[in-house]
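With chain A held as given, fit chain B onto it using these hints.
Going line by line, the protein sequences match chains A and B.
Quick note: the first sequence uses the working numbering, first residue 1, plus one each step.
Quick note: the second sequence uses the working numbering, first residue 1, plus one each step.
In case anyone wonders, no lab produced these hints; they're calculated from the structure.
Keep in mind that a hint or two might mislead.
For identical chains, the list gives no copy identity; a pair is met inside one copy or between any two copies.
Said to hold, decoys possible - Subject to a maximum C-alpha distance of 30 angstroms in a straight line, what follows is the list of computed DSBU-like cross-link-like pairs (lysine-lysine):
(1) K86 with K167
(2) K238 with K98
(3) K371 with K249
(4) K98 with K349
(5) K86 with K344
(6) K150 with K349
(7) K349 with K281
(8) K253 with K342
(9) K189 with K35
(10) K249 with K238
(11) K342 with K169
(12) K35 with K371
(13) K167 with K349
(14) K98 with K129
(15) K92 with K35
Here's the letter readout for the chains.
Number of protein chains: 2
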Amino acid sequence: MSKARDRGFKQATRIEDARRTFYGALPAISLPSEKVPVRTSLNRILAEDVRAETSVPSFDKSAMDGYAVVAEDTFGASQTNPSLLKSVGESKVGQVPKTIVRRGEAVVIATGAPVPQGANAVVMIESTKRLDTGDVEIYAPVAPGENVSKVGEDVREGTVVLERGRKLKPADLGLFVALGRRTVSVVRKPRVGVLSTGNELSNAGRGVTGKTADVNRPVLMAMVEECGGMPVDLGIAKDDSAQISRKLKQGLKTADLVLVTAGTSVGKGDLVPDIINTLGKPGMLVHGIAMRPSLPTGLAVVNGKPIVSLPGFPVSAMFAFSTFVQPLIFRMLGTEPDPQPKIKARSNKRIVGVPGFRTFVRVLVREENGKLFAEPLRTPGAGILTTLTRANGIVVVPENVEGFDEGAEIEVQLFRPVERGEGAGRT
Amino acid sequence: MSKARDRGFKQATRIEDARRTFYGALPAISLPSEKVPVRTSLNRILAEDVRAETSVPSFDKSAMDGYAVVAEDTFGASQTNPSLLKSVGESKVGQVPKTIVRRGEAVVIATGAPVPQGANAVVMIESTKRLDTGDVEIYAPVAPGENVSKVGEDVREGTVVLERGRKLKPADLGLFVALGRRTVSVVRKPRVGVLSTGNELSNAGRGVTGKTADVNRPVLMAMVEECGGMPVDLGIAKDDSAQISRKLKQGLKTADLVLVTAGTSVGKGDLVPDIINTLGKPGMLVHGIAMRPSLPTGLAVVNGKPIVSLPGFPVSAMFAFSTFVQPLIFRMLGTEPDPQPKIKARSNKRIVGVPGFRTFVRVLVREENGKLFAEPLRTPGAGILTTLTRANGIVVVPENVEGFDEGAEIEVQLFRPVERGEGAGRT
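Chain A with its partners taken away, still in its complex shape (with noise of 0.2 angstroms):
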């Protein structure tokens, strides 16, 4: 299969001059930004240095029950020879306390309470006791400081504590809130529009004689949705100039960046991408990428906004995708990929690259008696998706790479749990 979808094929371009050439005919692409409430903008990408508009915390507060007081009051205080306190007031929280602490006094004072002026520690209630002259015995020194919180502890008035470009997480989330923000502002979701093309494909699976199920356009949708773009539908156009030209203009029209699956294959001639270039300039900058699968991938410039061009197979356009629309999403946002999984495991079949082209090879890891073992998948052809859906792990070989020996280390990017073998426990 793939050597016949080669001939179309000239020469084929590599992954990273690919990328520098389309990034390099596209302007700076700088997405609006959006308020949104606090409680909203998990994983969304923060669109404004973030100062602090008050210190966290805002006062000196105790972290315990007990007796604020100056430590020095209590230094040498045990079980056998308590301080003697005089108790002068209560600092209750929400209240800012009017009494002042003097040498030899005590103030009674809640957690989160603020701290009085004069105090400089607070002892614990359970190291203390009232007596009935209202006086407080002390049974333990405190250090200056101790179980207080000082004023900016956690964050100074005025300092930036999270930078743009961002992915919100739930600790980002507590810190807007301790800041008392009830908004925040992050970048607009790339609307990604995704057109699939093919006379064969309907929206109906089963049921419709001699008719493909179109597997792209949710498998794609649900990718934009996953890095944190806004998919945006366009259908499906049959192999029709007109009509594939209508639907990118449409897309063009309503989205930031254009996906198009299929249509650019040896036995329908460059029909999608004869179109791009119809649209406008730049057209089509890249065609042809030296990677396997993905090969007939293409990149586009249109009057300043990015079309990509996919390989019709459901694999190859998800493998396309993650090479370079993914990058540009995260790209548009301003932001950083997380960490992607990576582990160690040996292979144990021969995986066998293409001379020139980075390969990607899908995996199954196992664990067996403690070790991992990655097995390449048998792909009769880049049309069989349960590849994909029966892998956990990517092994990409790189150009200058024949393959891995059976038995070689090799790195694998996992993206589902390790298959436990039978004798492995599960925890």
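Showing chain B alone in chain A's frame:
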């Protein structure tokens, strides 16, 4: 701070023992399933074994535009010595072809169209020439099966293609579509009630003198969402038995799992644990875990429902969540967590653990001159949220390890991208 907090705990239970006790007291929790449209099933957990009700492809299908032939008729064909075949009809997509292909015959066929009976291969259009006579010259041989996607090549009808407990990813959605499925049965998201306790807490942040913004609730609700649960907001309760009790009961009624923060420190007595014990049997099972931070974590079961009592400090609450709540949510969902990225880095400072405790150290991993360095972030208190927003990784110091020397190679769980040093280039 931690010294004081420890005093209330006579003994601390090891993490694995605590989990065993906890799970042992829980009935087998089986969440109901729900049918959702395939397009909204991304990242949901499959509740059914998916059996293919149709083969994929469901018929022998051409992978090319060209001619359906009997492969044997093309053997030896070349540019100078073409095979001459009689063109006897056409196979279009969406139509069952009526023609039967015999030796010496060929049928025009479109990509995705059914291969007619008798034919066993497809010659791509570029290797053919149609003559004025209507016959066709074939310039290249094809092997039997070439350019034909055989029925069941991807999926054979009747086989189980996806198993329950699987987290659905884009390729899985594609497979459902290929199988003609419109809906899929997934596990209903576990409802996780989140309650904060503390007189000092307020929903407002800034502008409320002497109050503390409730950071835990939004953080924990985001964490619940991240691991596939459905957060249920139970609000804030004052340090008041009746109020906490009422809200916990409400939580037990509406949620599958209840989280309650604070109210378990020494200063406040065992307020929350005591209340939990009044709610039902067996009540508190473990209180005090041999981990740092998060020692004051409690695990309880009340009338078959789990309650986790989390420490009041946000950082402690988060580590306790990761250690006990997240695995429980995955258990309820009947799935395994995605693989987590781990890297090796050199510690650029000594990292100290607490003997007998599992210590979780927040680190910042930087790349400098191609090498990775992990810097432990100083933690004056578990209250310091910014140690988590500044960190990109976690180092675990096991119970029986004193710590790691400066320069030692350590394993880091990476949850944000590595920071690049001045000299390192970004890609």
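Structure-based check of all given hints:
1. K86 with K167: neither (52 angstroms within a copy, 63 angstroms between copies)
2. K238 with K98: between (79 angstroms within a copy, 24 angstroms between copies)
3. K371 with K249: So K371 and K249 fail the 30 angstroms test inside a copy (53 angstroms) and across (47 angstroms) alike.
4. K98 with K349: neither (77 angstroms within a copy, 44 angstroms between copies)
5. K86 with K344: For K86 and K344, the Cα distance exceeds 30 angstroms both inside one copy (66 angstroms) and across copies (56 angstroms).
6. K150 with K349: between (61 angstroms within a copy, 26 angstroms between copies)
7. K349 with K281: Result: close neither inside a copy nor across copies, 47 angstroms intra and 54 angstroms inter.
8. K253 with K342: neither (39 angstroms within a copy, 42 angstroms between copies)
9. K189 with K35: both (12 angstroms within a copy, 28 angstroms between copies)
10. K249 with K238: within (15 angstroms within a copy, 59 angstroms between copies)
11. K342 with K169: both (22 angstroms within a copy, 18 angstroms between copies)
12. K35 with K371: Neither: 49 angstroms inside a chain and 38 angstroms across chains, both beyond 30 angstroms.
13. K167 with K349: Between copies, since 28 angstroms is at most 30 angstroms while 39 angstroms is not.
14. K98 with K129: within (24 angstroms within a copy, 99 angstroms between copies)
15. K92 with K35: Intra 36 angstroms, inter 51 angstroms, cutoff 30 angstroms: neither.
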